[in-house]
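**Student:** Residue strings, one per chain:
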Amino acid sequence: GQNIDQPTEMTATEGAIVQINCTYQTSGFNGLFWYQQHAGEAPTFLSYNVLDGLEEKGRFSSFLSRSKGYSYLLLKELQMKDSASYLCAAEGANNLFFGTGTRLTVIP
Amino acid sequence: SAVISQKPSRDICQRGTSLTIQCQVDSQVTMMFWYRQQPGQSLTLIATANQGSEATYESGFVIDKFPISRPNLTFSTLTVSNMSPEDSSIYLCSVEGGHRGNIQYFGAGTRLSVL
Chain A
90 GQNIDQPTEM
100 TATEGAIVQI
110 NCTYQTSGFN
120 GLFWYQQHAG
130 EAPTFLSYNV
140 LDGLEEKGRF
150 SSFLSRSKGY
160 SYLLLKELQM
170 KDSASYLCAA
180 EGANNLFFGT
190 GTRLTVIP
Chain B
-6 SAVISQKPSR
4 DICQRGTSLT
14 IQCQVDSQVT
24 MMFWYRQQPG
34 QSLTLIATAN
44 QGSEATYESG
54 FVIDKFPISR
64 PNLTFSTLTV
74 SNMSPEDSSI
84 YLCSVEGGHR
94 GNIQYFGAGT
104 RLSVL
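Chains A and B are the protein sequences, given in the same order. Residue numbering for the first sequence follows the numbering used here, beginning at 90 and increasing consecutively. Residue numbering for the second sequence follows the numbering used here, beginning at -6 and increasing consecutively.
Only true hints are included.
Not everything, but these chain B residues come out facing chain A in the computed CB check (under 8 Å):
#1 Ser35
#2 Asn95
#3 Gly102
Away from chain B, derived, C-beta distances all over 10 Å, residues of chain A:
#4 Thr100
#5 Gly104
#6 Leu143
#7 Phe149
#8 Ser156
#9 Lys170
Don't read these hints as lab results, they were simulated from the structure. Just so you know, even glycine gets a beta-carbon here, dropped at the ideal spot from N, CA and C.
Please model the entire structure based on the sequences and the hints provided.
**Tutor:** Spelled out as structure tokens, the structure:
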């Protein structure tokens, strides 16, 4: 079966660092996506991890451990515009399975 | 990345009616995907639409309820038929791209409310 778990909501302070975790169980797992979705807008691609380890892209980094079925998205130097939902999605053999998303609120 | 336009952006419909959602892409693509995002739920794939063939539906979704057209390589429509309040949701279309060809690019979605 397929199962994607991530926290429903998180709050963090502007300028701080926040880590959004995601655990997954996906048959035929290929890789792990993170998407950002602002309210009323389309999900936009942030990162894709295939290999274990950390991939850094500016203020955003994404980590994958295939053996643990675990990923996280790390956001540094938080800005107010980072307030959004962050969707974890596991790529299976024939499909893409999304988590319910983590709604991040950045406060001053 | 592809530019995807969806219409309408939102609609309020009466129970028992049907709504057709349009999705236009700025480049030719083989497959287009239709998703549903219900409040507080994950994005769920409804069907995959290939040009020139019948759409492939995921478990729990049927052609009679969600007929799909794919007349060419840049356009698709999804119809939500005989609507009920349970169909209230955001419907999104997407296409694949990126250097691996597996990154999903989404339209802004259609927010549907059924009374």
